[in-house]
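K.L.:
Listed below are the residues making up each chain.
2 protein chains.
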Amino acid sequence: MENFTFYNPTKIIFGRNTQHEVGQEIIKYGKKVLLHYGGGSIKKSGLYDEVMTSLKNSNLEVYELGGVVPNPLLSLVNEGINLCLEKQIDFILAVGGGSVIDSAKAIAGGVKYEGDIWDCYSKGVTLSDALPYGTILTLPATGTEMNFRSVITKDDTLEKRGASFPNPTFSILNAELCATLPNYQVANGIVDMLAHLFERYFTNTKNVDITDRQIEAVMKSIIELGVDVYQDPSDYDKYAQIMWAGTIAHNYSLCVGRETDWATHQIEHELSGMYNVAHGAGLAVLFPNWMKYVYHHDLDRFVQFATRVMNVEPDFFNPEKTALKGIEAVITFYKKLNMPLTLKALGIDEKRIDELALLSTRNNTIKQGNFVKLDTEDIKQILLLSCAGD
Amino acid sequence: MENFTFYNPTKIIFGRNTQHEVGQEIIKYGKKVLLHYGGGSIKKSGLYDEVMTSLKNSNLEVYELGGVVPNPLLSLVNEGINLCLEKQIDFILAVGGGSVIDSAKAIAGGVKYEGDIWDCYSKGVTLSDALPYGTILTLPATGTEMNFRSVITKDDTLEKRGASFPNPTFSILNAELCATLPNYQVANGIVDMLAHLFERYFTNTKNVDITDRQIEAVMKSIIELGVDVYQDPSDYDKYAQIMWAGTIAHNYSLCVGRETDWATHQIEHELSGMYNVAHGAGLAVLFPNWMKYVYHHDLDRFVQFATRVMNVEPDFFNPEKTALKGIEAVITFYKKLNMPLTLKALGIDEKRIDELALLSTRNNTIKQGNFVKLDTEDIKQILLLSCAGD
Numbered sequence: 001m002e003n004f005t006f007y008n009p010t011k012i013i014f015g016r017n018t019q020h021e022v023g024q025e026i027i028k029y030g031k032k033v034l035l036h037y038g039g040g041s042i043k044k045s046g047l048y049d050e051v052m053t054s055l056k057n058s059n060l061e062v063y064e065l066g067g068v069v070p071n072p073l074l075s076l077v078n079e080g081i082n083l084c085l086e087k088q089i090d091f092i093l094a095v096g097g098g099s100v101i102d103s104a105k106a107i108a109g110g111v112k113y114e115g116d117i118w119d120c121y122s123k124g125v126t127l128s129d130a131l132p133y134g135t136i137l138t139l140p141a142t143g144t145e146m147n148f149r150s151v152i153t154k155d156d157t158l159e160k161r162g163a164s165f166p167n168p169t170f171s172i173l174n175a176e177l178c179a180t181l182p183n184y185q186v187a188n189g190i191v192d193m194l195a196h197l198f199e200r201y202f203t204n205t206k207n208v209d210i211t212d213r214q215i216e217a218v219m220k221s222i223i224e225l226g227v228d229v230y231q232d233p234s235d236y237d238k239y240a241q242i243m244w245a246g247t248i249a250h251n252y253s254l255c256v257g258r259e260t261d262w263a264t265h266q267i268e269h270e271l272s273g274m275y276n277v278a279h280g281a282g283l284a285v286l287f288p289n290w291m292k293y294v295y296h297h298d299l300d301r302f303v304q305f306a307t308r309v310m311n312v313e314p315d316f317f318n319p320e321k322t323a324l325k326g327i328e329a330v331i332t333f334y335k336k337l338n339m340p341l342t343l344k345a346l347g348i349d350e351k352r353i354d355e356l357a358l359l360s361t362r363n364n365t366i367k368q369g370n371f372v373k374l375d376t377e378d379i380k381q382i383l384l385l386s387c388a389g390d
Numbered sequence: 001m002e003n004f005t006f007y008n009p010t011k012i013i014f015g016r017n018t019q020h021e022v023g024q025e026i027i028k029y030g031k032k033v034l035l036h037y038g039g040g041s042i043k044k045s046g047l048y049d050e051v052m053t054s055l056k057n058s059n060l061e062v063y064e065l066g067g068v069v070p071n072p073l074l075s076l077v078n079e080g081i082n083l084c085l086e087k088q089i090d091f092i093l094a095v096g097g098g099s100v101i102d103s104a105k106a107i108a109g110g111v112k113y114e115g116d117i118w119d120c121y122s123k124g125v126t127l128s129d130a131l132p133y134g135t136i137l138t139l140p141a142t143g144t145e146m147n148f149r150s151v152i153t154k155d156d157t158l159e160k161r162g163a164s165f166p167n168p169t170f171s172i173l174n175a176e177l178c179a180t181l182p183n184y185q186v187a188n189g190i191v192d193m194l195a196h197l198f199e200r201y202f203t204n205t206k207n208v209d210i211t212d213r214q215i216e217a218v219m220k221s222i223i224e225l226g227v228d229v230y231q232d233p234s235d236y237d238k239y240a241q242i243m244w245a246g247t248i249a250h251n252y253s254l255c256v257g258r259e260t261d262w263a264t265h266q267i268e269h270e271l272s273g274m275y276n277v278a279h280g281a282g283l284a285v286l287f288p289n290w291m292k293y294v295y296h297h298d299l300d301r302f303v304q305f306a307t308r309v310m311n312v313e314p315d316f317f318n319p320e321k322t323a324l325k326g327i328e329a330v331i332t333f334y335k336k337l338n339m340p341l342t343l344k345a346l347g348i349d350e351k352r353i354d355e356l357a358l359l360s361t362r363n364n365t366i367k368q369g370n371f372v373k374l375d376t377e378d379i380k381q382i383l384l385l386s387c388a389g390d
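Line order of the protein sequences matches chains A and B.
Numbering-wise, my numbering puts 77 at position 77 of the first sequence, and it's gapless, one number per residue.
Numbering-wise, my numbering puts 60 at position 60 of the second sequence, and it's gapless, one number per residue.
Any given hint could turn out to be false.
What the hints assert, rightly or not - 25 Å max Cα-Cα, derived SDA-like pairs, lysine to any residue:
{"#": "1", "chain 1": "A", "residue 1": "K56", "chain 2": "A", "residue 2": "S41"}
{"#": "2", "chain 1": "B", "residue 1": "K206", "chain 2": "A", "residue 2": "S41"}
{"#": "3", "chain 1": "A", "residue 1": "K28", "chain 2": "A", "residue 2": "P9"}
{"#": "4", "chain 1": "A", "residue 1": "K220", "chain 2": "B", "residue 2": "S45"}
Said to hold, decoys possible - Derived list of chain B stretches under chain A, where covered just means 3 residues or more per stretch with a C-beta under 8 Å from a C-beta of chain A:
{"#": "5", "stretch": "188-196"}
{"#": "6", "stretch": "207-215"}
{"#": "7", "stretch": "223-237"}
{"#": "8", "stretch": "240-251"}
Stated by the list, open to error - Far from chain A, by Cβ distances over 10 Å, these chain B residues were calculated:
{"#": "9", "residue": "K11"}
{"#": "10", "residue": "F14"}
{"#": "11", "residue": "N17"}
{"#": "12", "residue": "T18"}
{"#": "13", "residue": "R149"}
{"#": "14", "residue": "D155"}
{"#": "15", "residue": "E159"}
{"#": "16", "residue": "D298"}
Rather than coming from a laboratory, the hints here were simulated on the basis of the structure.
Using N, Cα and C, we set each Cβ at its ideal position, and we do this for glycine too.
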């Protein structure tokens with residue numbers, strides 16, 4: 001177990017009807033609030049009206065900035081920063097999925113930063129100060145509602161980069177708000193949260209039995225409940241658990257004292273930057289093939305994963321067979337979620353594999369991952385594996 | 001899953017040598033620090049000198065208040081409050097186990113409270129403001145280093161009551177500092193942290209599979225590593241995991257959205273108030289007998305516990321046998337820790353059972369617990385069961 005620091009001051013307000021509490025939470029921080037959202041689905045669902053009522057009931061002065069797109073753009077972030085400065089906004093409220101929240105984080109940071117906010121993404125500048133901001137989550141997936149990370153895409157170059165900011169002040173999580181999500185979006189979210197656990201689970205750090213078991217617990221819950229939630233997002237009792245799983249999968253409580261990987265996420269970022277595929281779908285294609293490429297590195301860990309998480313009966317005379325059955329069980333789970341399993345199914349041309357591999361290593365200048373450090377050739381092999389399959 | 005609010009802003013600084021960082025953490029909050037500790041074991045171990053060096057290196061002005069006893073006393077709390085007010089202390093640093101930290105919480109709250117601090121314990125007054133305070137934990141057990149609870153005993157009446165305060169600002173956790181703990185204290189701590197998980201696990205709330213599994217993960221780690229740590233507290237790799245288990249067992253992350261019990265803790269508080277027995281030892285006697293008394297209430301849950309946590313092979317034709325084997329396995333675990341298993345072994349007279357049962361229900365005015373609500377007669381039966389055994 002490695003030394004670590006853990007600090008997560010986001011207040012979680014979880015459960016049915018909690019969106020109506022948003023006004024009384026925000027009024028503690030000031031009078032002027034910027035309501036930040038996406039393409040208007042919150043207007044169709046009625047959530048917009050509920051939020052506005054709560055904000056008005058607390059006598060808040062509301063400004064609006066909609067239009068956040070999946071893979072949120074720097075241009076809108078800058079628009080938000082200017083609006084906050086001009087109107088002297090006290091608090092930003094993000095209502096939506098991970099993209100809206102990531103965009104709000106960047107705006108909150110940008111208001112307090114003298115330079116260009118893209119510095120945080122391109123140069124790794126970390127801000128200790130930001131405008132306070134809160135979230136109402138409508139799509140469980142990225143975990144951004146309880147962490148310090150934000151991913152933004154630069155409009156002109158399509159570079160997709162991550163940065164760190166202060167956590168949300170509060171996040172409101174009500175799985176009732178997810179009842180009408182399209183099944184494909186639900187599935188994408190489930191794949192993403194499971195991937196956040198894979199990135200933590202496959203580690204070289206020794207003496208981390210406790211976090212192994214904690215990660216396994218959450219993975220197992222996602223696998224047990226995920227297909228039912230995909231088929232019926234209105235099943236509150238199950239989606240509430242999946243929603244919480246998504247939050248803790250990426251709130252940094254489950255990776256304390258252990259090295260994490262993130263190669264697959266990095267490759268997927270390049271992939272969805274180049275083709276604008278859904279992040280979850282990209283991960284569903286890549287993760288089993290990453291596993292197939294690296295499992296020899298620590299066969300015991302893959303046997304443990306297969307046995308404890310994927311319910312594979314261990315073949316003690318053939319651990320490799322056990323490990324491979326575990327990976328197959330992951331694919332079977334993705335199939336039940338109707339996820340794409342090959343690059344072709346994602347609409348990606350095999351011919352661009354070399355280019356994608358080079359992008360992933362920033363032209364051979366860095367390796368990706370920690371469990372196994374992957375160079376351009378390694379990533380090419382994983383992408384080739386991702387072309388095969390049914 | 002019930003609605004819940006979760007907020008835990010304590011910064012955890014975990015790992016080897018982290019005690020040397022204490023000065024630089026405190027200086028963010030002011031110049032004058034009250035160093036609060038127990039009977040002087042930190043002087044023998046050398047920790048006192050290390051802490052003083054770190055505080056001096058950050059140019060902090062240090063005042064001292066030692067003398068905290070197990071089951072910490074209100075009189076010392078009031079002495080601390082007066083000292084803080086007189087010297088205009090900016091920050092309280094608790095160095096020790098749960099007793100020292102609970103005492104520091106009460107002082108921190110009392111400095112900001114106009115009335116008598118005992119109001120918080122006797123009348124349930126909750127304070128939203130307190131002097132900032134931090135901890136260096138030397139005995140993993142109570143979880144108070146990352147929560148809002150404090151238990152104090154009133155000197156004259158020996159009433160032992162709990163209250164809520166703002167969380168510690170930071171807690172420094174270094175299992176190296178536990179290497180020379182007496183084995184008996186190590187065992188008491190392990191029993192206590194496991195009991196915090198039992199109180200959360202045995203619930204009537206439905207649709208909490210995810211927290212079931214998370215609690216199981218931590219219980220399993222404690223059971224797997226606990227005996228080794230008891231026998232050799234200097235095994236850092238294992239004690240670090242147990243230390244973290246103790247923190248998360250009671251930082252309220254594992255009981256989100258579920259009802260918890262706490263009957264056994266309440267009975268044990270009366271018991272250790274009356275006889276001054278170690279809290280862990282009292283819990284070791286009471287918990288298996290509480291389990292034997294209530295398991296019929298939800299046999300399925302006890303079968304799940306036996307199977308998933310205590311590694312009992314389920315007898316599908318005889319679930320009761322499976323459940324009882326699980327309880328026996330808990331007793332076996334306590335035996336390996338050389339814990340007392342009967343009231344007699346604790347030096348408690350059977351004749352005082354009636355009195356103890358009455359005290360536990362405040363003379364028949366309240367019932368204890370939520371999984372099963374226990375009246376005076378129920379508690380008497382559990383205490384009678386606790387007399388038997390080997």
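K.L.:
Now tell me, hint by hint, if it's right for this structure.
P.N.:
Hints and how they fare:
1. A:K56 / A:S41: Within the cut-off at roughly 21 Å; holds.
2. B:K206 / A:S41: 32 Å, violated
3. A:K28 / A:P9: 16 Å, holds
4. A:K220 / B:S45: Violated, at roughly 43 Å.
5. 188-196: With 0 residues close enough to chain A, the hint is violated.
6. 207-215: Since three or more residues must qualify, the claim that chain A covers the stretch 207-215 of chain B holds, with 6 doing so at under 8 Å.
7. 223-237: It holds, with 3 qualifying residues against the three required.
8. 240-251: holds (count 5)
9. K11: Answer for K11 (chain B): violated, closest chain A Cβ roughly 4 Å.
10. F14: 5 Å, violated
11. N17: Non-interface label fails for N17 (chain B): nearest chain A Cβ at 8 Å, not farther than 10 Å.
12. T18: Label violated. Min Cβ-Cβ 7 Å, cutoff 10 Å.
13. R149: 18 Å, holds
14. D155: At about 36 Å from chain A, D155 (chain B) clears the 10 Å cut-off, so the statement holds.
15. E159: E159 (chain B) clear of chain A: closest Cβ-Cβ about 33 Å, beyond 10 Å.
16. D298: Non-interface label on D298 (chain B) holds, nearest chain A Cβ at 18 Å vs cutoff 10 Å.
Hint check: violations occur at hints 2, 4, 5, 9, 10, 11 and 12; the rest are consistent with the structure.
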